[in-house]
Structures are given as C-alpha cells and as structure tokens.
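Asks: First to last, the protein sequences are chains L and F. 51 is the number that our numbering gives to position 51 of the first sequence; each next residue is one higher, with no gaps. 261 is the number that our numbering gives to position 65 of the second sequence; each next residue is one higher, with no gaps.
Think of the hints as simulated: they come from the structure by calculation, not from any bench. Possibly wrong hints are sitting among the right ones.
Far from chain L, some chain F residues (derived; all Cβ distances over 10 Å) [said to hold, decoys possible]:
{"no.": "1", "residue": "Asn230"}
{"no.": "2", "residue": "Phe262"}
{"no.": "3", "residue": "Asn415"}
Computed beta-carbon distance windows for the label pairs [unchecked claim]:
{"no.": "4", "chain 1": "L", "residue 1": "Asp49", "chain 2": "F", "residue 2": "Asn398", "range": "15 to 23 Å"}
{"no.": "5", "chain 1": "F", "residue 1": "Thr297", "chain 2": "L", "residue 2": "Ala132", "range": "47 to 55 Å"}
{"no.": "6", "chain 1": "F", "residue 1": "Gln331", "chain 2": "L", "residue 2": "His54", "range": "23 to 31 Å"}
{"no.": "7", "chain 1": "F", "residue 1": "Lys220", "chain 2": "L", "residue 2": "Arg31", "range": "49 to 57 Å"}
Idealized CB from N, CA, C, for every residue including glycine.
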Amino acid sequence: MSTMKDCNAIVIGTSSGGLNALSKVLKPLARDFPVPILIVQHISPDANDFMVHHLRKNSNLQIKEADDKDIPEKGWVYIAPPNYHMLVEEERFLSLAVTPPENFSRPSIDVLFETAADAYTTHLIGIILTGANNDGTKGAIRIKDRKGMIIAQSPETAEATMMPQSVIDKNAADIILPLDQIGKYLNTLILGTSYE
Amino acid sequence: MNEEKKVENNRIEIDLLLEGIHRKYGYDFRNYTNAHIKRRLEYRLKISGCKNYMAMLHKLIYNEVFFNELLLDLSINVSEMFRDPGFYQAARETVIPYLRTYPFIKLWHAGCSAGQEAYSMVIMLKEEGLIDKCQVYATDFNELILAKARDGIYPLDQIKKYTQNYQKAGGKRSFGEYYTADYHSALIRQSLKDRILFTYHNLVSDGVFGEMNIIFCRNVLIYFDQKLQNKVLKLFYDSLVPGGYLCLGTKESLRFSDCSQLFEPVIPDQKIFRKKR
Numbered sequence: 001m002s003t004m005k006d007c008n009a010i011v012i013g014t015s016s017g018g019l020n021a022l023s024k025v026l027k028p029l030a031r032d033f034p035v036p037i038l039i040v041q042h043i044s045p046d047a048n049d050f051m052v053h054h055l056r057k058n059s060n061l062q063i064k065e066a067d068d069k070d071i072p073e074k075g076w077v078y079i080a081p082p083n084y085h086m087l088v089e090e091e092r093f094l095s096l097a098v099t100p101p102e103n104f105s106r107p108s109i110d111v112l113f114e115t116a117a118d119a120y121t122t123h124l125i126g127i128i129l130t131g132a133n134n135d136g137t138k139g140a141i142r143i144k145d146r147k148g149m150i151i152a153q154s155p156e157t158a159e160a161t162m163m164p165q166s167v168i169d170k171n172a173a174d175i176i177l178p179l180d181q182i183g184k185y186l187n188t189l190i191l192g193t194s195y196e
Numbered sequence: 197m198n199e200e201k202k203v204e205n206n207r208i209e210i211d212l213l214l215e216g217i218h219r220k221y222g223y224d225f226r227n228y229t230n231a232h233i234k235r236r237l238e239y240r241l242k243i244s245g246c247k248n249y250m251a252m253l254h255k256l257i258y259n260e261v262f263f264n265e266l267l268l269d270l271s272i273n274v275s276e277m278f279r280d281p282g283f284y285q286a287a288r289e290t291v292i293p294y295l296r297t298y299p300f301i302k303l304w305h306a307g308c309s310a311g312q313e314a315y316s317m318v319i320m321l322k323e324e325g326l327i328d329k330c331q332v333y334a335t336d337f338n339e340l341i342l343a344k345a346r347d348g349i350y351p352l353d354q355i356k357k358y359t360q361n362y363q364k365a366g367g368k369r370s371f372g373e374y375y376t377a378d379y380h381s382a383l384i385r386q387s388l389k390d391r392i393l394f395t396y397h398n399l400v401s402d403g404v405f406g407e408m409n410i411i412f413c414r415n416v417l418i419y420f421d422q423k424l425q426n427k428v429l430k431l432f433y434d435s436l437v438p439g440g441y442l443c444l445g446t447k448e449s450l451r452f453s454d455c456s457q458l459f460e461p462v463i464p465d466q467k468i469f470r471k472k473r
C-alpha cells in the first residue's frame, strides 16, 4: 500500500458514534497534513454547527462545513452540511444537492464516496467508521472498482458495528483497523512515517 | 484500461446524451454540475433496462414518455415549508421593513419546484399585512412539478416538520390555519393559492422576468456550473429593481462569481443580498 503517497483525498463516512470516532481519527494528523479530508457524518437536518466546533477543538486541521463549489485544499477538513448531499465533481471541486435522501440519509455517504471515486480514482482513500446502517457500502465498492483504497474500523472497536461490518462482508475493505490506529496509519501511508 | 480513461469515456457518453436531449427537446443540461447529472442518469439507467448511455439516448429520442421521466429526475428538488427557519426569521426582520416602503411589491420564486417555499413566503406576507399589495410569481421548468405546486397538496407526514419550521421561523399564528387535512394529505388554503401565479420559466434558456423587488432562488444554483451560475445571476440582476433583494440557499455563495460585485451582502449567514444601486 506504499502507492498511497500519491493520494489526493481522503473521504470518511460515519453515523452513530461518529463524532467521537472522528476526533480520534483526526487527532494524530498534523496541521500541514498534505491531503484534504471530506466527511459525511449522518446528522439531524436541524443540527447547528456543533460538530464543526467539536472537531476544531480536537484536531490540528482546519475544519469547515462545505460550501457549494469549494475547492478541497490540503490541511482542510470539509464536512457535509446537515440536510445536503455533498458531491465531488470530476474537476475536483465540491457541489451540494438537496435531491432525495439515499439510504434514508441526507447527507449520504454513498453519494460522497461514489462521486469521489470518479473524481480521484486510484488516488483516493475511503474510511468507514462506526454506524448502525449500511450507507457507505455501495460507495466503498465503487472506490474499490476505481482501484482506490478502503479502510474499515474494526467492528469490535465501533460503538455501532453494522456500517463497517457491512463493508467487510462485501469484501470491500483493504484493511481493518482498531479506531485508535487509523490516524497513525494514515500518517504512515501518506507521509511514510513509521507505523507501530 | 486505466480508471481515468473509464471515467473519461463515461463522461463522453453523458455529454453526448445531454447534447441529444438539448437538440431533441430543447432542455439544456449541458452546464449543470456533472456529478449531480451523472447520479440522476445512473439512477434512471439502472431502472430503465438500457445497456448503456448510448442505448438510453436512443430511447430518449424516440420515446417522449421516457424523456419526461428523466426530466422529473433532473428537476426534483426536495424542499419543505419554511426550510431553514433562520432564513425566514432574518427575512422577516430585514426584508419585510423594506417591502413596506413600496406601494406595490413583486416577488419571484425562481425554480419553485413543488411550491413549498413560495407558500411559506405568502404566509409570512399575510401575517405582516402586506399580502394585498403583493404579486408573487413562482416559476419552474417542469410542468408536472408546476402542476403539483398549483395543487398545493402535501403528504400529511410532512406537516409536523413544516409546523416545527413555521414556529422556529417566528410564525405568529397556528400553522393549522393555513391548510385543511384529510387522512393522508394537507391541502393549502385556496386564499393562499390565489396569491401565487405559478408559471413556466427556464432559468437556463429564458430571459429577464419583470422588475422584481425580491427574488428567491434557494438551492437551485448548486446544480449549475460556474458559467451557468454567472449567467443566471446576471439575469437576476437585470430582473431586480435597484436595491432589490436576492435570497440564495444558505450554503450557496457569490464568492467565486463574476457577479459578486453587483450585489452587496445584507445578512451574509442567510445569504440575503441586495442589488447595488
């Protein structure tokens, strides 16, 4: 997996238990982490921006809710806004949509993962964390089809097992890692620093 | 074949399909954002039984019913009454006082879809005592959706959400006054429906639309690429009176647009802008 030094983006999908899990994944990443990170966390349509504030407190990276037509930049984390799908265009900018929910979710992980798979093809890492439904499985399969890489949180370390388990069951995970190892592993993959 | 090539080939097929639709039916989706269009096409391809986009294009050219199904996929914008209550609250506080200064007010909901947001605004105008001097236009490019908007019938299970939104938006009465309900659906009161002129207008291909005091176009520009966004924003500029208001969706922005100098932000968070004088 040393090929991931030419990674251009990381996408992360999670649902219940995600806020805590995201903090743990982002924590080890340095402020100058060279790859943009795009996140779908299932969230109530009425949610305010508590998630952005929470992650800002727990990460060195710059965190924002995505605006339509944002161009992902290194060192930044883009979070899908409540009640919008977040898509990646082939020209590698973000767009938002209020098309119907998918897997009962808006934002939906499949929408982000499937569009990101076409935009970044082999230069993409997808991560599936804790969650109690199977949104993201189709998206993970698409990323695999485009020869990107998928990391699944090990279900034993997930507050809700179904989301990572579903990806694992479809043989769409390249590697299964405990929650506290995922951030360090990203540093290894992308910066080439040693991994214990 | 490498993955970039596959994506590129797929893109060629989709571009040709959109070209075909434009030539055959006059609807121009060529400057919509690609990821959005591709997803809607993928969905229709899967349930159509067509082998690929070229087969689908053939079917689209010879089968207008099939085209109309696709047109619906491409125009559905799922909204709510009083979606983003904070926006309506801000509009009540900042835009309504401005509207009061005019003897006659023209409002335009561009891309109104099934009409929820246009009805929301009519309710607010009524509560503010302005409705009798307002003409509200609501336009969309899909006649089927316009018919739904004119009907003003919404599933009853949505009404709870609409009611919550209405209350959060600073609604002054009981929301139940604005509709009648049966077991499955809620029907907007005729007196509200009479206040809106629902009519066909295509932002992509049609021109200036009257001299408006305020234009609402929320969560429509997100489907357009930069070039088309610029064109439509210019159209809005030309359709507004000097000092008229433009209200966009809360995640939309003029930042990257050629038109950012033509408007000034009034409430930046809620994306309420004003045409510069």
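Asks: All hints are to be evaluated individually against the structure, with a verdict given for each.
Replies: Hints and how they fare:
1. Asn230: violated, 6 Å
2. Phe262: The claim holds: phenylalanine 262 of chain F sits with its nearest Cβ about 20 Å from chain L, beyond 10 Å.
3. Asn415: Per Cβ check, asparagine 415 of chain F is inside 10 Å of chain L; nearest 5 Å; violated.
4. L:Asp49 to F:Asn398: 15 to 23 Å: Distance hint for aspartate 49 of chain L, asparagine 398 of chain F is violated at roughly 35 Å.
5. F:Thr297 to L:Ala132: 47 to 55 Å: holds, 53 Å
6. F:Gln331 to L:His54: 23 to 31 Å: Because 46 Å falls outside the window, the suggested range is violated.
7. F:Lys220 to L:Arg31: 49 to 57 Å: holds, 53 Å
In summary, the structure is inconsistent with hints 1, 3, 4 and 6 from the numbered list given earlier, while agreeing with the others.
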